[in-house]
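Novice: Protein sequences, first through last, are from chains A and B.
Position one of the first sequence corresponds to residue 598 (the working numbering), numbered consecutively onward.
Position one of the second sequence corresponds to residue 598 (the working numbering), numbered consecutively onward.
It is possible that part of the hints are untrue.
The list treats identical chains as interchangeable, and a pair is accepted whether it falls inside one copy or across any two copies.
[As the list claims (entries may be wrong)] List of simulated lysine-lysine pairs, BS3-like, C-alpha gap at most 25 Å:
#, residue 1, residue 2
1, Lys-745, Lys-676
2, Lys-743, Lys-706
3, Lys-780, Lys-691
4, Lys-747, Lys-760
5, Lys-676, Lys-708
6, Lys-636, Lys-706
7, Lys-747, Lys-708
8, Lys-760, Lys-745
9, Lys-636, Lys-729
10, Lys-760, Lys-729
11, Lys-676, Lys-636
12, Lys-636, Lys-683
13, Lys-691, Lys-636
14, Lys-706, Lys-691
15, Lys-780, Lys-623
Source of the hints: derived by calculation from the structure; they are not laboratory data.
Here the structure is a predicted model, which means the values were calculated and not measured.
There are 2 protein chains.
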Amino acid sequence: MSNRIITISREFGSGGRTIGRRTAEKLGIPCYDAELIYKIAKESGFSAQYIKEEGEGAAGGWLSPILSDRAMGPTNQDKLWLIQRKLILELAEKSSCVIVGRCADFILKGKADCLNVFIHASMEYRADRIVKEYGEREEAPERRLKEKDKRRAAYHRFYTDMKWGRAQNYHLCLNSGALGIDKCVEILTDLY
Amino acid sequence: MSNRIITISREFGSGGRTIGRRTAEKLGIPCYDAELIYKIAKESGFSAQYIKEEGEGAAGGWLSPILSDRAMGPTNQDKLWLIQRKLILELAEKSSCVIVGRCADFILKGKADCLNVFIHASMEYRADRIVKEYGEREEAPERRLKEKDKRRAAYHRFYTDMKWGRAQNYHLCLNSGALGIDKCVEILTDLY
Chain A
598 MSNRIITISR EFGSGGRTIG RRTAEKLGIP CYDAELIYKI AKESGFSAQY
648 IKEEGEGAAG GWLSPILSDR AMGPTNQDKL WLIQRKLILE LAEKSSCVIV
698 GRCADFILKG KADCLNVFIH ASMEYRADRI VKEYGEREEA PERRLKEKDK
748 RRAAYHRFYT DMKWGRAQNY HLCLNSGALG IDKCVEILTD LY
Chain B
598 MSNRIITISR EFGSGGRTIG RRTAEKLGIP CYDAELIYKI AKESGFSAQY
648 IKEEGEGAAG GWLSPILSDR AMGPTNQDKL WLIQRKLILE LAEKSSCVIV
698 GRCADFILKG KADCLNVFIH ASMEYRADRI VKEYGEREEA PERRLKEKDK
748 RRAAYHRFYT DMKWGRAQNY HLCLNSGALG IDKCVEILTD LY
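Can you make the complete structure from the sequences, with help from the hints?
Specialist: Shown next as structure tokens:
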């Protein structure tokens, strides 16, 4: 496979999705995130909103993927994991691209030529950013960030058995708050 | 303080010291590592070799800093920690520089304008590199790497209470094996 894939894992509010989208634009390759969720939705028949929530184990709180009873067979979340895995492999086969989230780093390991990136930032920077960018309620954005981070970490850990945010799992980890989003895009575009 | 400091933490064999030295050369600023150890040696009266070993808790195995009996007062290693802390603060005060290892990231936190970097690489890359660069015995370089990593992690954890290699503790984490040492130097020089 000669396609080159940038996978981006990111803390909520760190601007990882923005960095992915802008890097892809500069490189003239597609960026999959919301688009990917829609594709999963169409293929699986689940509603897009349901998938978005299940994707991070929201339905029963952040521990739900770990606590679900799998003695009854695969959970809905397990089925989604398989659908999304298949889709990500197909997308990587089709063309060079940027994939944000969805454990793409793990799914494509050894199967595609990847640059695996982790984007993070301080709690202060992210709290400030989600209020400004997403118009999130100003009350307790820190609590919301912690909850989202926990969900992503638990989801990632459960399906990949790799620790989320451990530097050694990535080619490159960038603090978007300290370096700035423009500089992160520049580094990724240049490295690609 | 208007000096700008690059601190480099690194896995053994990842080329972090080489990256630090070459970045400093390109920027025309000093790089402290072996030189720093000598300074500590002169100030403390300990031999340079002893300090090099104690610096990573080698004397009693990698757990020695945790297991030492401090009821008897500060250990030799604690004294060295204080001396090295003082020295690093002085160096950062004196001029812009690169400091490799010695928990400089933690020591200078909130006290200097720092770019905190973590350099890592796969076990295979590092094993290959220490055999080629340092002329290490070829037998079981992986075991030596694991032991060195454990020492550094334990030392760092004990004195800083921060997890070594956690992406969120750094502004930038680079996989030198995947990106190449030249590219790492280029990214750091450019960011500075």
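Novice: Would you mind marking each hint as holding or not holding in the structure?
Specialist: Hints versus structure:
1. Lys-745 / Lys-676: Answer is within: at 22 Å inside a copy they meet the 25 Å cutoff, but 42 Å across does not.
2. Lys-743 / Lys-706: So Lys-743 and Lys-706 pass the 25 Å test across copies only (23 Å; inside, 28 Å).
3. Lys-780 / Lys-691: neither (29 Å within a copy, 29 Å between copies)
4. Lys-747 / Lys-760: Close inside one copy (12 Å) and across copies (18 Å); limit 25 Å.
5. Lys-676 / Lys-708: within (21 Å within a copy, 50 Å between copies)
6. Lys-636 / Lys-706: within (22 Å within a copy, 45 Å between copies)
7. Lys-747 / Lys-708: Neither: 28 Å inside a copy, 31 Å across copies.
8. Lys-760 / Lys-745: both (16 Å within a copy, 21 Å between copies)
9. Lys-636 / Lys-729: For Lys-636 and Lys-729, neither the intra-copy (29 Å) nor the inter-copy (48 Å) Cα distance is at most 25 Å.
10. Lys-760 / Lys-729: neither (30 Å within a copy, 31 Å between copies)
11. Lys-676 / Lys-636: So Lys-676 and Lys-636 pass the 25 Å test inside one copy only (15 Å; across, 60 Å).
12. Lys-636 / Lys-683: within (11 Å within a copy, 57 Å between copies)
13. Lys-691 / Lys-636: within (14 Å within a copy, 57 Å between copies)
14. Lys-706 / Lys-691: within (16 Å within a copy, 46 Å between copies)
15. Lys-780 / Lys-623: For Lys-780 and Lys-623, both the intra-copy (13 Å) and inter-copy (20 Å) Cα distances are at most 25 Å.
In this structure, the earlier hints numbered 3, 7, 9, 10 are contradicted, and the remaining ones agree with it.
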